[in-house]
Amino acid sequence: MTTPAQTHRGVIHDIGYRPYTGPRLGRRYATRSLYVQSLRAAFGLGRSGKSKVLPFLLFGALVAPTLAIIAIVAFANLKQMPIDYSVYLSRFGVLAQIFLAAQAPVLMSRDLRHHVVPLYFSRPASRSDYVAAKFAAMVSALLIIMTLPLLVLFVGAMLNSFPVGDNLAHLMYGLIAAVLYALLYSAIGLLIAAATPRRGFGVAAIMGGLMITSGVSQIVRALTGGFDPVPRESAHWAELMSPTRTVEGLVNTLFDTGGEGFDRMAAPGTAGVLVYGAVIVLLTAGSYALMLRRYRNV
Amino acid sequence: MNTTVARLTARGLFGRRRVLILLAVPVLLLVISVIARNSDLDKLELAHSILGNLALGTLVPITGLIVGTGVIATEIEDGSIVYLLAKPLPRWQIVTTKLAVAIGATWLLAALPTYVAGLIVYGTADNLALGYALGTVVAGTAYSALFLLLGVVTRHAVIAGLAYALIWESLIGNYVEGARTLSVQQWGLSVTQAIAADGTVTAPVGLTTAVWLLIVAAVGATALASVKLSGLTLNGEE
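One line per chain: the protein sequences are A and B, in this order. Numbered according to my numbering, the first sequence spans residues 1 to 298. Numbered according to my numbering, the second sequence spans residues 1 to 238.
Since the hints were derived computationally from the structure, they do not count as laboratory data.
Just some of the chain B residues that point at chain A, by a computed CB distance under 7 Å:
id, residue
1, I35
2, L65
3, L166
Note that the structure is a prediction, hence the values are computed from the model and not measured. In this text, a Cβ means the ideal position worked out from N, Cα and C, and glycines have one as well.
Turn these sequences into a full structure, and let the hints guide you.
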C-alpha cells in the first residue's frame with residue numbers, strides 16, 4: 001500500500017531534451033543579418049509588390065535622365081558632357097531626398113509601431129548594433145541609388161570617347177558628393193523617423209525639414225546680398241542652414257565644380273571649407289549620437 | 001459637420017507635441033520676414049520670393065500635406081478609423097467634417113501667417129499682402145481637399161502628395177509650361193494677381209480657368225473621397 005506522500009513524490013524523467021550545441025553565430029552575424037534585411041526592406045525586396053513600386057520608381061527616375069543625356073550627347077555630337085557628375089546629383093537630388101523620406105520610416109517607425117524593437121534587443125545584437133545596422137543599410141541604399149546614375153553617365157562618356165582622365169576625376173568628385181549626401185541624409189532622416197511611430201508623419205517631417213531649410217537658406221542668402229549684381233561672398237554662409245546646400249557648397253569649392261551660375265553654392269574660402277566640413281561631420285555624428293540615445297531605453 | 005468628429009480630429013492633429021512641429025513653419029516665415037523688413041533689397045522682389053516662393057510655393061503645400069493627410073490617413077493607417085466608421089454617421093459627413101478641420105488648420109497655419117508676413121515685408125501697399133493671403137487661402141483649401149483624397153485612396157498618401165508638389169509643380173513646372181496649368185500653386189497665384197494691384201504679380205494661368213479648376217479640384221476631390229471612404233477596405237501592414 002502506498003502512502004499519499006509516495007504517490008506525489010517528484011520524479012524527473014529524462015524526456016530527451018537536448019540543448020543547442022551547434023555553432024552560435026553571435027553578435028556580428030545578427031548585426032549583419034539585420035543590415036541585409038534592412039537594406040532589402042529599403043527597396044521593398046522580400047515584401048509585397050506594392051512596397052517595391054515606390055523605391056524602384058524613384059530609383060528609375062534618378063537613372064532615366066542620364067540615359068536621355070547620353071542620347072542627346074550621341075545625337076547632337078557634343079564635345080563634352082553637358083552636365084557635371086556632382087551637378088547631376090544636386091539637380092536631381094530631390095528624388096534621393098524623397099527616397100530617404102519614404103524609406104527611412106520603413107526602416108525605423110515600423111519596428112517602433114509594432115513594438116518589436118525589444119525582440120531585437122533580446123538577441124545578441126546590442127542597441128548600438130541595431131542603430132549601426134539601420135544606419136549602414138540606409139547609407140548603402142542611398143549610395144546605390146545615387147552612384148548608379150553617375151556610373152551610367154561615366155559609361156556614356158566613355159562610349160562617346162571623351163577623355164578618360166578628366167571624366168574619371170569628375171566621377172570621383174561626384175562619388176564623394178554622393179557619400180557625403182548619403183551619410184548626412186541617413187543620419188538626419190533616420191533620427192526623425194526614429195522619433196515617431198507614425199509613418200506618414202515621419203515622411204512629411206523629413207521632407208519638410210529638408211525642403212524648408214533649403215528654401216530659408218536661399219532667402220537668407222538673398223537677404224544678405226548673395227544675388228546682388230556684385231554678389232557678396234559672405235552671403236554663402238547662409239548655405240549652412242540647409243544640409244543639402246552645405247554638402248553642395250563644400251563639394252563645389254573643394255573640386256571647383258558647379259559651373260559659373262549666379263546661384264552656384266560655394267563654401268567661402270579655406271575657412272568655409274573647414275567650417276562646412278565640420279558642420280557636416282557634427283550634424284552626422286550628432287544625429288547618430290541622438291539616435292543611440294533614442295534607443296537607450298525603448 | 002459633426003462637432004464631436006471635428007473635436008477629435010483637431011485633437012489628433014494638434015495633440016501632444018505635434019502642434020509644435022506644425023507651428024515651427026509659420027514662426028519661421030515670420031522670422032524671415034522680420035529679417036527681410038530691415039534689408040535694403042527691392043521690397044517687391046523680396047515679397048515675391050518670401051510670399052510667393054517660400055509661403056505659397058513651399059509652406060502651403062507642406063502644411064496642406066501634413067494637415068490633409070494627418071486628419072484621415074493616420075487614422076486609416078493605424079486602423080482606428082473603424083471605430084469612427086462604425087458610428088451611424090454618413091461617410092460623406094465624416095469626410096466633410098475632417099476636411100473642414102483640415103482647411104481651418106491650413107488657413108490658421110499657412111494663410112494667416114502669410115498675410116502677417118506680407119504686412120511685415122510690404123505693408124498694405126498694392127493689396128499685395130491681401131492678394132497673397134487669399135491666394136494661400138484658396139490654394140490651401142484645394143491642397144487640403146486633394147491630400148485628404150490621397151489619404152483615403154492610397155497608403156502612400158504623403159509620398160504621392162510630395163511627388164505632386166515637388167516633382168510636378170516644381171521640377172516639371174519649371175521646364176514645361178503646360179504643367180503649370182494643372183498646378184494648385186499657380187491657381188493660387190492667379191487669385192493673387194486678380195487682387196493685387198496691376199503689374200505687381202504675374203500668373204501664368206488665367207483667373208477664370210484657375211477658379212474653375214480650383215472648384216473642380218476641391219469639390220471633385222471631396223466627392224471622390226466620400227465615395228472611396230464608403231467602400232473602404234482596410235489593408236494590413238505590408
